[in-house]
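Trainee: Each chain is listed here by its residues.
There are 2 protein chains.
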Amino acid sequence: MKAKVYVTIKQSVLDPQGVAVQGALHSLGFNEVESLRIGKYMEIELGDVTKEEAEGRVKSMCEKLLANTVVEDYRYELEG
Amino acid sequence: MKAKVYVTIKQSVLDPQGVAVQGALHSLGFNEVESLRIGKYMEIELGDVTKEEAEGRVKSMCEKLLANTVVEDYRYELEG
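Keeping their order, the protein sequence lines are chains A and B. Per this note's numbering, the very first residue in the first sequence carries number 1; after that it's consecutive. Per this note's numbering, the very first residue in the second sequence carries number 1; after that it's consecutive.
Bear in mind the hints are in silico, worked out from the structure with no lab data behind them. Some hints could be false.
Any copy, or any two copies together, can satisfy a pair, since identical chains are not distinguished.
Unchecked claim - Using 30 Å as the maximum straight-line C-alpha spacing, the simulated DSS-like pairs for lysine-lysine come out as follows:
(1) K51 to K64
(2) K40 to K51
(3) K59 to K2
Predicted, not measured: the structure shown is a model, and the values here were computed from it.
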């Protein structure tokens, strides 16, 4: 079972890293970039668990460690 | 037009950040985690471009700035 976890900064929170990369893209001539936000992407390989168990376990991992839910949102997909 | 870009470390390259997070998950009791790799996820809002133009422009952004193609892979999706 594989989980793909996406952690993104909440819309209301400033993303200075995204602003910096956007500036760099503009200076390279990519002026069509209107906004850019950066998040984290994690691929987790899970051992012997059912999809139902994985669902709850991955949610718990996100809440406890992978995302800072004060300033970040998370979502995940399970495969296989 | 919106682009979602995923930058991941190549399979043959060590991911010390992923190893550290995996260790932290184990110490929290998530022993079902067999491996974990961390990448970047970017959401880019593009101005007035067609899907065909966006395709080439986003590829070019990845090659020039967003991914270090020596040690990282990238993929992207276009929406809207």
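Trainee: Please sort K59 with K2 into within, between, both or neither, judging by C-alpha distance up to 30 Å.
Mentor: both (14 Å within a copy, 27 Å between copies)
Trainee: With 30 Å as the alpha-carbon cut-off, assign the pair K51 and K64 to within, between, both or neither.
Mentor: within (20 Å within a copy, 39 Å between copies)
Trainee: For K40 and K51, with the copy left unspecified, which applies at a CA distance of at most 30 Å: within, between, both, or neither?
Mentor: Classified as both: same-chain Cα gap 23 Å, cross-chain 25 Å, threshold 30 Å.
This entry satisfies every hint, going by the numbered hints stated previously.
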